[in-house]
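Join the two chains, each given in its own frame, into one complex according to the hints.
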Amino acid sequence: MHHKKIRNFCIIAHIDHGKSTLADRILELTNTVSKRNMQSQFLDNLDIERERGITIKAQSVRITYKSKDGEEYIFNLIDTPGHVDFSYEVSRSLMACEGALLVVDATQGVEAQTLAHAFLAADMGLEIIPVINKIDLPASDPERVCEEIENAIGIDCSNALLTSAKTGEGVIEILEEIIKLVPNPNQPKVNDARALIIDSWFDSYLGVVLLVRVFDGEINKSDSIKLMATDKIYEIRNIGVFNPVAKSVEKLSWGEVGFITASIKQISDAKVGDTVTTIKNDSKIALQGFKDIKPMVFCGLYPIDSNFYENLKESLEKISLNDSSIRYEPETSAALGFGFRCGFLGLLHMEIVKERLEREFNLALITTSPTVVYEVIKTNKETLKIDNPKLLPDKSQIDSIKEPYVNISLYTPKKYLGGLLDLCEKRRGIQKNINFISEDRAILEYELPMSEMIYDFYNKVKSITKGYCSMDYEPSELQESNLIKLDILINGEIVDALSIITHKDNAYYRGKEIAERLKEIIPRQLFEVAIQAAIGAKIIARETVKALRKDVTAKCYGGDVTRKRKLLEKQKEGKKRMKNVGSVEIPQEAFMAVLSAKE
Amino acid sequence: MKKEFGIYIHIPFCSSICPFCNFNVYIDNKNDHNPLIGSMIDEISYMAPMFKEHTLKSIHIGGGTPSLLKVKNLEKIINKIHKVYKPNNFVEICIEINPYKFELEDFKNYHNIGINRVSVGIQSFDNKKLKKLGRQSNEKKNLEICEELNKSEILNINYDLIFGVPGETLDGLEYDLNKSIELKPKHISTYLLTIEEDTAFFDLVGKKKFQENTDDEIVNKIELIEDVLKTNNFSQYEISNYAKDTYVSKHNLLYWNNSSYLGIGPGAHSHFVDHDKNIYKRWENYHDVKKYISLANSNQNRFKSVENFDVSMYIKDSIMMGLRLNAGVNIQKLKLVKDFEFDKSEISKLLNLNLIKFENNYLRLTFKGRQLSNKVLDKIINNINDLTI
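If you read the sequences in order, they're chains A and B. The first sequence begins at 1 in our numbering and counts up by one. The second sequence begins at 1 in our numbering and counts up by one.
Be careful, since some hints might not be right.
In silico lysine-lysine, DSS-like type, Cα no more than 30 Å apart, as pairs [unchecked claim]:
#, chain 1, residue 1, chain 2, residue 2
1, A, Lys-572, A, Lys-519
2, A, Lys-265, A, Lys-226
3, A, Lys-572, B, Lys-375
4, A, Lys-564, B, Lys-76
5, B, Lys-2, A, Lys-572
6, B, Lys-207, A, Lys-546
Hint data in this document are derived by calculation from the structure and do not stem from the laboratory.
Bound conformation, chain B alone (with noise of 0.2 Å):
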């Protein structure tokens, strides 16, 4: 079997936390970042013998707000890369921005130094939904990023959406995708606005204070998203990702097929997968930014945990990330790494609600068991028999 991998760099600074957001970020106090990135940088060699066999097919600079960081250090990182991963000339090189940070010169420079992908923080074009969603930036400046973005050299790009804000109508919602579209990305995101745990919205939820939008709503919203994205060429590949052609993250590929990647930086996960070997691991970077820098300068590796598990999770969770696709899970390849039984009633059950369906060795959800998808996963992950794979 192939080995590929993908490389994600975190960057854990921000300029304001939103109050949605639960990544490992810290406010950006305006501080040297040097230090990190020459841990980080570091941190990329140090990983180079694990990954010998592995061929990179991507990178990924995201965060907290990357765009953050001088041109020349996104620089450092880059060629350090290339220096010790030799990627061919393909490999993708994304990097996430904040529209409330940029400079106008800074996407000639991007090109430059090799980004083939951007991908905004849009969010919506909205006023009154941005500020309830915390962001710095506005509808204008929205505007204004993804204009001048337009006349750069990098073709790529990429506008995460957030629904299902309390407040947004249909239409808004319609507004934003339709305003989107206008713009001509080759890829749209749609995240709909989950409440996690250590946040702002969190406590507010907590309190009573914020009024969640209804499951109905909800699948409303969805419906209008794919139909409007359809209608305007761009095809749904995974639940919350629209592509135009061919142009689909590869990057994030990489974690839906379950394949391997390495992160670095402060509480970057990585994963490694080596079916010869049978070595399946999980590890994740420590989050604090100093304890970080100094595992690094003592030259130890930066694992808060690790985990080493066997090959029938391998097929779980394969099963479990495959299935956000709508292309599915090709289960006769999945069964040529250790072959295993799906309970037979659940799936019939399963079919019979129009919930799933089976075609040409794929097992994918449809737009019903999509919107269901964590119980159908329930369903399917949690019925496969120990003793059957």
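Looking at chain A on its own, in the form it has when it is part of the complex (with noise of 0.2 Å):
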């Protein structure tokens, strides 16, 4: 192998600007994937990544391409997790790279993520080749974007490429770009073996597959490797790289991308930013950057049917195969029975999971409101980490309550500006920077807690901007506030689940509108059904849905037997969705309830 002809890049982009379409092109053009084969999207594999038009797991392929100069070079292709809730997968992706495409849509302009991800690769050394995607559409305007891109990161834009992935046109002037720009791996200065763990994953036939890149010395087959942050020895199984398909190779040596199967049993050994190095060429310093990435949002996950414990527990289980990053343990309600709280790195990577256990798994499950995780220290120095809400400690127990806040940036036209300026200002944020980048758009920089950000902040950035605002975070660090717990009871009884912890001035508020949204989604019962918004013993709000009083078939003959017996069954059938708190039936949406915000 010759190192010179190596090319390590990736594709920055944000949703929906082209990146998968770009890879797909690429793989087609280099005849890496046949057009007959290609499924559209080969790199997005999951369904719900499709769907959403996000990449949840990274992965990578290797191209041969025959250049116009005649040589045949080697690229490895790095795909990079596309959302907010994966940064830190992001700047490992970034790490195994020495370039980088920014892809930018020609019809929209740049975007928070796009840019938080740029700076990101700029500040690792990559070398970066903006490309300007969808030419073909009538409204791009690739004057604009590029101008904007020149403002907001500051890369020279003079020979920005112009692509349309869809039609193919431009993107081999993409692959020799790579070959003059990308600079090809740097020669190691040590014979030590030291790769890097871009991704993992679990492959029910192979077990845990590592997907790495070496740095330093090699791998061989027949190797013993070392994972550094565990110091777990195992043999290796097999080793290779995608071309697409999985093949396997004698060694990978420093420059190169491949995968590593091992005697691993769990990913969650298997950590993605670890360091492999072998027994043979045993390294002794890791490479830079390995965090030990923790949940920032948990929530409650139960069966709507208690039976369905078990199949939720299992589920949970398979999901954790391949999310080393979901956490779980099981916990009880009083109102809901056996469940787990469960950990997640966001917000949207809490949806995805319960998407996937309700549709992949078949489950019904009710979440409760999900809640960061608060650092409690209490009267006699004991400190406490708090993930759910009922769990906080007596008023006279607490010295004081920190929570974790997160940088925000939001990228949006200038003309929302105020409204996000107010939102945030409400939620609590304190301005950082405001930034113009452009004639018309600007980037706004906050900090914020993070239970502001989960309590719908991005729905609201969306509706305040029309959808013409991105946005991007980055948790920073702990801070005290004066922090409650605000209660909800049902007819008399606090039903845990629908505790939440908020700041003492916005309790009064937010009690209020949770009773109000609650007595919209409880529908009338037999009974009357109080519900009550408390901190402590003291009631700030109370709403009544008041008892049903009519529901009555007048005419039931012959001919309507079936017809009323079908409508019993369907009764049946939408009591699946309700959960009985005492003997109140609650809608399984209630228990989010305490997510939107009214304002």
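As structure tokens, then:
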């Protein structure tokens, strides 16, 4: 292998700006995948990814390209997960590359995620090649977009490539430009073997699969490897490359990207960002930047029908095989019975997992409202991590509470700035920066309590900006806040699954809002239902769902029996989406009601 | 157990289609009724072997507008039934009539051919309300027919009334009730206007051009009806039905007791129960008149669909229908058919909410329970675990 002929690169793009289409076209034009076998958007594997147009698991592929100069090159295209909750994974994908294609939609322009990823890539020293995509569309305005890229990111766009991934126009030029501009991998200074885990996943035939980029030395099929975060040693079973189907090779040497399967049982042992070394050429120093990432957002997941607890448990086990960032532990709720407290990287991650559980495993679930992890310092100096509002100790035992903050950037047309500033101020945000990057676009940076960000924030942003704003965030640090627990009582009894932790100043408003929402969601029953919001023993809001008075079929004769029976069966079906709390039937969505803000 | 049944004769013609009606009816284009009547008479004999161990208790001629038929045709039908099923002299024979279409001579003839009960589709004595309901009759015609009927030899007379019509007040409803009572029928049915799919009213509701009564208004109206009729010695025996003395509808009681019935004619429904042989069956005839006649002509059954079910479904149906009756359902007796258990906690919740009562083996609904009967039925029936049956 001639290392000078290797080019490792990734594609940075906002959702729908054409990353997957461009990848498909590159595979096709290099005959890596024949047009006939081309399943649209080859790199997106999961159904949900394809539906939502986002990539959750990174995929990677090796491409052989014969350049116009007659030489043959090896390209490793490394995919990057495309959504806000996965910024760490993105950084690991970028680290494996020497260059990045910055793909921007010629009709849309720069978005927050593009920006965040581009800055990250620049910080890591990657060569960035601007690509203006979708030039086939009548609304495309490459000139304006180039100007935006220059103003926002500060890279020269005078040689930006104009393409249409859809038609294939300009794609060969991209490949040529990669050869010209992206450096080949650096010659290592040592022979010790070091490879970065870009991604890992569980394959039911192969076990845990590691996608790695080798930086130093080489890894041979006969080697034993060590994962440096855990110091655990494994026998290699197979090594190879994706071309795009898995193909075994004898070894992977520095500069190359490929896969390793070994006797690794659990995905949690194969952490993204960890360093792989060999026993033969044992390295003492791990590659930089490894972080053991922790879930940020927690919620309770309960089967509506308590008979499905075991199914939920098995499904969570299965889903965790491929997603090491999920945490789950059994918990019990007086209102909802047996379920799990689950941790996710962010709100979107949570929604995707819930959707997969419901769709792939056919479960009917209740999700309690998501919460962040609070740090409580008790009067006896003991520190507690609270990921479930009902576990917050009594006020008298609390010295102080800290909550996690995030740095959030909003990329928006200028005319919506006012609305966004209002929203961020209301959400206890601290303004960090406003930057105008073109005539009519600006970046707004705020420090915001994470609990505010997961409380219907993004929906609000979308509605204020009519969908023209993009958002990115990264976790910042814990800060002390004046927080209290807000309880919801249904017919006099606290429903533990509805409790939330909120800032004291917002408690009255939130209490009233939740009670009003629940009044809309809870259907009229055979008796009156009282909904109350309380702080401690103090009731701060009350709503009443009046008793149902009439539900009667006037005529029922011979011809009506079958229809009437079907109606009864439908009622029974409908109840599968209801949870009985005491004798009150509460619809599934009520438990998420605390999530949607009116404002 | 006694095996009894009733025969329902469906006459699928009307001179116009009411905007609230979703029955299987067609505009009567003055065609010859004879081919259809012939096919129905065939069906009466065709089905005879099945019901040979059952005793006929009632004949109900409904529709549609049976009074559109010539008396000759009605006579043919009744004679055929007598010949095939040999009922005794106490069999109830009832016909539904529309005030718009009747001749004075008819009542005499009806009596002569054995009809002993008449159900009049009065709906209201208020011209505005009648118009809103798309009825071709008016107050004067309604009064006229009632008076004529009173002069006839038919004693067992029912008035159908509708309430819950947009714009109808409590006073307006009371007027209809009092007018009816003055005319001394033996039986009154009061039906809450229900918006059914595939009706003109349904479309209006969809277009938000139909102001439905609120639940509170309706419950107040039901209270008024029960009150006024009770004061005048009509006792309620079913959610929408009131009778003086013993003049209950024998035919309709077969439905509510979940007994057998044979439906004759296009779109008619039938139910067959035989505990000894463990047979439980429902079927529905083809709706289309031409199709119905052609099947009859080729001597085939007219079933559009047949459902065979088990005893647990029979039990559930019996509760569902029986709870419509003020007397309720005899649970002891039902358990003799097949033992089952209610969900005790659900029953005690319903008892505590004063929605049901349990007395002398009878489970029945209270006033409050009747207004909420769909919900109560759901709680009771959907919590009889199939395993406990």
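Hint check results:
| no. | hint | result |
| --- | --- | --- |
| 1 | Lys-572/A <-> Lys-519/A | holds (22 Å) |
| 2 | Lys-265/A <-> Lys-226/A | holds (14 Å) |
| 3 | Lys-572/A <-> Lys-375/B | holds (11 Å) |
| 4 | Lys-564/A <-> Lys-76/B | violated (34 Å) |
| 5 | Lys-2/B <-> Lys-572/A | violated (33 Å) |
| 6 | Lys-207/B <-> Lys-546/A | holds (28 Å) |
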